[in-house]
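Peer 1: As you go down the protein sequences, you meet chains A and B in turn. 1 is the number of the first residue of the first sequence in our numbering; add one for each residue after it. 134 is the number of the first residue of the second sequence in our numbering; add one for each residue after it.
Take these hints with a grain of salt, some might be off.
[To be verified] Okay, derived cross-link-like pairs now, DSBU-like style, lysine-lysine, Cα gap no bigger than 30 Å in a straight line:
1) A:K43 to A:K114
2) A:K111 to A:K45
3) A:K111 to A:K43
4) B:K243 to A:K114
5) B:K243 to A:K45
6) A:K45 to A:K114
7) A:K43 to B:K243
Treat the hints as calculated values from the structure; they're not laboratory data.
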Amino acid sequence: MTIILIYVVAVLVSIVLERQERRHRFNIEMEYCRLQLPMPLIKPKLPRLESWLNIAIGALLLLLGTLFVALTFTVLLNPKLKSMDLPVQEQTYQAAGFIAGGLALIILGVKSLKLNTAYERLFRSDQVEASIG
Amino acid sequence: MHYSELIVPAVIIVWAGFEYHRREQDHNERMAFLQRGLMPPDSSLDPPAWRLWTTSAIAFLLFLLIIGMIMLGFKTIAPYGAPFFFIALPFVPIFVVLLLILRRDYQTAKDLSSGNRKTS
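Chain A extracted, bound-state conformation (with noise of 0.2 Å):
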C-alpha cells in the first residue's frame, strides 16, 4: 500500500512540474519572439557527469534489489533453513522497490547521456557557425 501511495504521488508531482516547465518555456518563447532573437539552446536538466551518478546509483539499487530476491529464493528453496518462516510479501515489495527505482535511475540517467551529447553536438556547430558568419 505505502508503495502504491508513494508511486502515485510520485507521478502526481512529475505531472505538476512537468506542466509548471512547459508553461515557463512558452512564456520565455513568447518573450524571445517579441524581442525578434534567436531562442537558446534548451541544457538538459541533468548534467553529463549527474547522469553518471545516476546509472552509478541504480547499478548499486539494481545490485541490492536482486541479491534480495536471491536471498530470498535461496532460504526459500532450501529445506534446512524453512524454519526461518520469511515474510515473503514484504521481502517481494521490498526487492520490487529497489529493482525498479534501480532501473528508473539507470534509464533516466542513460536518456540524459544521450540528450547531453545531442546538445553538445548542437552547441558546437551553433558556435561554428557564428565564427563562420
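Using the hints provided, position chain B relative to the given structure of chain A.
Peer 2: Chain B in isolation, oriented as in the chain A frame:
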C-alpha cells in the same frame, strides 16, 4: 494504515512545494530580465556553496565506508573476507563520480570568484 507510512509521501509533497516555488522564482527573474530586453544570466553555472559542502561530506563518508569494508575484508578469516570486498565494489564508481563532480564544482566556483566566468 499506520501514520508512519505517510512520512515518505509527505516528504515528497513538501519537497515538490519548495521546488515549485524555487522554479517559479527563477522564472520570474528570467522574465524580468527579458522584459527589460536583457539576456538572463545562466544560473546553472553557479554551484551554491552548500552543494560543494554536501558533495564533499558524502564523498568523505563513502571513502570511509569503502576503506572500512576493505579493512574488514583483509582482517576477516580467509573465506569470509570476500563478501566485504564485494560490498565495497559498487560504491567505488559512485565515489569516483562524486570526486569528479566536486572537482568540476570547485573549478567553477574558483572561476567565478576570480571573475573569469565561462559562457557555457
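Peer 1: Are the Cα positions of K243 (chain B) and K45 (chain A) separated by 30 Å at most?
Peer 2: 23 Å, holds
Peer 1: Quickly compare the C-alpha distance for K111 (chain A) and K43 (chain A) to 30 Å and report which way the hint goes.
Peer 2: 14 Å, holds
Peer 1: Taking only the CA atoms, is the gap from K43 (chain A) to K243 (chain B) under or equal to 30 Å?
Peer 2: With a Cα-Cα distance of about 23 Å, the restraint between K43 (chain A) and K243 (chain B) holds, given a limit of 30 Å.
Peer 1: Taking 30 Å as the top limit, are the C-alpha atoms of K111 (chain A) and K45 (chain A) close enough?
Peer 2: This hinted pair holds, its Cα atoms lying about 11 Å apart.
Peer 1: Going straight from one Cα to the other, do K43 (chain A) and K114 (chain A) come out at no more than 30 Å?
Peer 2: With Cα atoms ~12 Å apart, K43 (chain A) and K114 (chain A) stay inside 30 Å; holds.
Peer 1: Has the given pair, K45 (chain A) with K114 (chain A), been kept, meaning a C-alpha gap of at most 30 Å?
Peer 2: Within the cut-off at roughly 12 Å; holds.
Peer 1: Quickly compare the C-alpha distance for K243 (chain B) and K114 (chain A) to 30 Å and report which way the hint goes.
Peer 2: 29 Å, holds
Checked against the numbered hints above, the structure violates none of them.
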